[in-house]
Amino acid sequence: MASRIDSVPYRRAIIDRRALAERFAQLGGDGTALRRQLVDILKGALDHGRTEIADRLLLNPSRGLEAAGAQAFLIDQILRLTYDFTTQRLYPANNPTAGERIAVLAVGGYGRGEMAPHSDVDIAFLTPWKQTGWVEQVIESMLYTLWDLGLKVGHSSRSLDDMVRLAKSDLTIRTALLEARFVWGDEALSGEAAQRFRREVVAGTDKDFVAAKLEERNERHRRMGDSRYVVEPNVKEGKGGLRDLHALFWIGKYIHRVDSVAGLVDAGLLSREELHQFQRAENFLWAVRCHLHMVAGRAEERLTFDYQREIAERMQYATRPGKSAVERFMQYYFLQAKTVGDLTGLFLAHLDEQFASRGRRFTLAAIPRRPRKLNGFKLVRGRLALPSDDFLEEDPVRLIEMFALADKHGLEIHPAAIRCARRDARLIDAKVRADPRANGLFLDVLTSPRDPETVLRWMNEAGVFGRFVPDFGRVVAQTQFDMYHHYTVDEHTIRAIGLLARIESGDLKDEHPIATSVIRQIVSRRVLYVAVLLHDIAKGRGGDHSVLGAEIALSLCPRLGLSPAETETVAWLVRHHLLMSATAFKRDLSDFKTILDFAEAVQSPERLKLLLVLTIVDIRAVGPGVWNGWKRQLLADLFDGAEEVLRLGHKQTGRKERIEAKQRELRARLGWDEARFASFAKRLPEPYWVAEPVDVLERNARSIDAAGWEGLRIDAAPDPERGATLVTIYASDHPGLFYRIAGAIHLAGGSIIDARIHTTRDGMALDNFLVQDPFGRPFDDEARLKRLKASVEEALVNRSALTERLSAKPLPRPRADAFPIAANVLIDNRASNRFTVIEVNARDRPALLYALAYALFQSKVTIHSAHIATYGERAVDTFYVTDLLGEKIAAPARLKALEKRLLEAAEGAEAEKVAA
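For the sequence shown, my numbering gives the first residue as 26, with consecutive numbering after it.
Below, a list of computed lysine to aspartate or glutamate pairs in the EDC-like style, where the Cα atoms sit at most 20 Å apart:
| hint | residue 1 | residue 2 |
| --- | --- | --- |
| 1 | LYS261 | GLU326 |
| 2 | LYS534 | GLU746 |
| 3 | LYS278 | ASP231 |
Note that these hints are calculated values from the structure, not bench results.
Using the sequences provided together with the hints, build the complete structure.
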């Protein structure tokens with residue numbers, strides 16, 4: 026059959042086998058010396074060939090399949106030369122028997138004629154019967170030669186009977202042999218093996234093979250994150266990657282005996298246009314994979330942030346207004362991944378239809394119901410289908426109606442209908458977008474109480490979503506070049522809508538009890554769904570996406586049929602969709618001014634409820650591991666505080682009553698008598714009682730009681746509800762206490778996410794820290810907790826040179842270095858009535874909090890609370906501070922000096938000075 030290798034141009038410039046064979050003929054010496062000379066010459070040829078392929082790829086950076094074919098051609102020639110030299114010079118068989126025959130086969134991707142620069146060389150040595158001594162010698166010598174060349178060889182040595190037996194029992198072996206290609210040796214033996222494979226292994230097993238490959242694909246997707254829109258995709262194994270394309274070809278080849286991707290058209294599994302899309306996606310993904318191997322210098326398959334920028338440059342992407350070169354490159358990558366997903370869905374659906382015509386469908390369950398009112402659409406084997414090829418063209422509003430009907434009746438859509446929708450999506454013009462019926466149907470899908478996420482994803486993959494809402498079309502496959510967001514903008518948005526529907530249905534009531542309760546009180550649920558749809562719709566436009574998104578909302582909402590009041594609310598929600606998270610995670614919620622300012626911005630209880638739910642689904646849809654118990658707690662605290670203010674007015678109504686209620690509950694928990702508790706409570710100032718929840722108050726009280734007259738007490742216990750470990754330190758208060766604790770916690774491997782610093786009326790420090798490990802989890806095993814306590818104690822009694830020890834810790838993560846982040850310091854004297862609020866934005870790095878706290882100590886300020894938020898590679902650390910006399914810092918000269926010192930600390934200047 027024709028191979029990818031046959032289309033590689035100027036092959037002798039890569040490696041000239043005849044010229045090398047002539048050089049080998051001139052070699053002399055015994056076996057060991059002879060093989061050493063062989064390796065030396067082949068090594069030079071291999072290096073030259075790789076350099077030639079790399080130069081060609083740099084010159085034509087999008088010719089991925091050509092580079093992959095050239096790499097396979099190079100390895101073919103190396104194998105042929107090695108085989109000939111081994112069988113003719115090292116171990117010549119002067120009178121070979123019938124059993125002394127070897128066929129060298131390329132299997133797997135190499136058998137297909139496609140290899141990346143550092144791919145494994147997968148080969149099979151095939152013999153007619155059990156191996157003879159000569160065969161074993163040849164195979165062993167060849168393998169040693171290949172290993173000496175630095176090649177990573179995956180190999181098997183089997184007789185024909187063994188090959189058949191193992192291929193029957195092992196799916197991996199069967200798949201590898203499916204693409205077996207003769208390289209060198211006994212060609213007749215290779216042909217016999219191919220015939221027996223078809224006759225004895227493949228025949229009658231079509232359905233089992235397809236089912237097994239689909240399950241294997243699903244398992245691989247689960248392992249890789251189950252989304253083709255993960256922003257650091259695995260080019261080979263990830264969803265929408267090369268392996269998905271390979272799976273289509275394997276299935277087509279196994280069932281229809283096709284020898285090339287083009288054969289899938291004749292088999293009725295792809296159209297001509299889809300074949301073109303397949304080949305374009307395959308070529309692009311191979312180009313990316315080859316560049317990735319070359320840049321990494323190894324078999325790297327994950328397109329991580331630190332490689333994305335360099336590969337974008339190599340592939341000659343340029344920056345455009347509002348979109349960097351790397352964002353344009355990754356957007357095209359995800360468009361191709363989307364194409365792969367679209368083709369996979371159509372391919373499997375067609376395959377399912379083919380199997381259904383022979384009997385039972387195998388990939389999907391039958392649909393039990395048969396709805397009557399389908400408005401001209403029809404059902405084919407339980408799927409929504411078109412009565413004619415021009416049905417959508419007759420009335421383009423049907424492009425929206427088709428998905429609305431699928432949602433309403435819980436139907437799948439026939440692959441032929443999806444194919445027509447993709448073809449006819451171009452018919453959605455300004456007239457269709459302005460059609461009230463079309464907008465009503467779209468809103469029905471968006472706000473569906475059933476499964477809007479699935480149907481909207483179908484609409485997106487068919488290209489209908491982006492045509493009907495062009496602003497959404499602009500963010501399809503739009504990446505966000507940072508370490509915080511896990512998905513493309515369109516995938517993030519659709520996931521957020523799905524989460525909203527699950528909260529509304531009550532599926533997530535255990536995780537989000539407040540949101541589940543609140544969403545039932547919301548006046549206009551469609552306001553919330555439209556706001557979730559539009560909250561990130563203006564990303565990638567070169568401005569504040571919240572402001573630009575609000576402008577889009579003002580023009581789009583009336584078109585969708587929303588009233589002026591609903592439109593205004595949606596625009597406000599989009600404009601302020603980051604307000605609640607910014608306030609909760611970056612501000613001190615025990616400072617009543619924080620609650621007042623937030624409530625003043627929100628203005629109504631209805632907006633507060635809408636904003637809470639929007640904030641939750643936005644954070645949760647960012648990606649796995651972003652949402653945690655601590656964020657839930659902070660948002661709940663802010664919601665409760667703001668709800669009370671909006672209900673009762675802008676007064677500290679109930680503050681005294683809340684403190685008294687907390688103290689009554691605490692006393693009951695502790696079981697102390699009135700006099701003992703009163704003596705304890707008198708030592709602690711009013712802000713302490715407001716700031717801490719009752720469970721923390723109880724832990725603090727028991728720590729203080731256990732300390733007695735000792736000068737130091739350190740307690741640490743996991744807090745699963747907050748997703749962190751609560752570290753409580755009770756010690757004599759003195760300047761620099763906070764930075765020492767921060768440094769000690771970092772040395773113990775911890776990361777502080779929140780800190781509340783209190784001082785008793787008799788001069789003792791009572792500090793509460795929430796600490797996580799580097800993976801965002803609580804410290805929970807006894808050994809780590811013990812190490813944490815010991816590290817803090819050592820730092821506080823000044824037995825360790827803290828700065829020097831911290832400077833010896835590892836440098837920042839190299840992946841974070843892929844992002845240019847300029848440090849920024851914001852000082853605000855209006856955010857609090859009592860404190861100066863300092864917000865520091867910087868690249869996240871080890872011991873950043875320590876460096877900032879040390880800079881504040883040097884500046885002679887007192888830290889009252891610290892709030893730490895991380896967004897991937899970016900850290901936002903907020904401090905509530907006063908001068909040493911407890912007053913705000915107001916002098917301009919001092920504020921300027923403070924800003925300068927914090928900027929130096931944020932940029933790592935202090936650490937560099939210490940290291941020097």
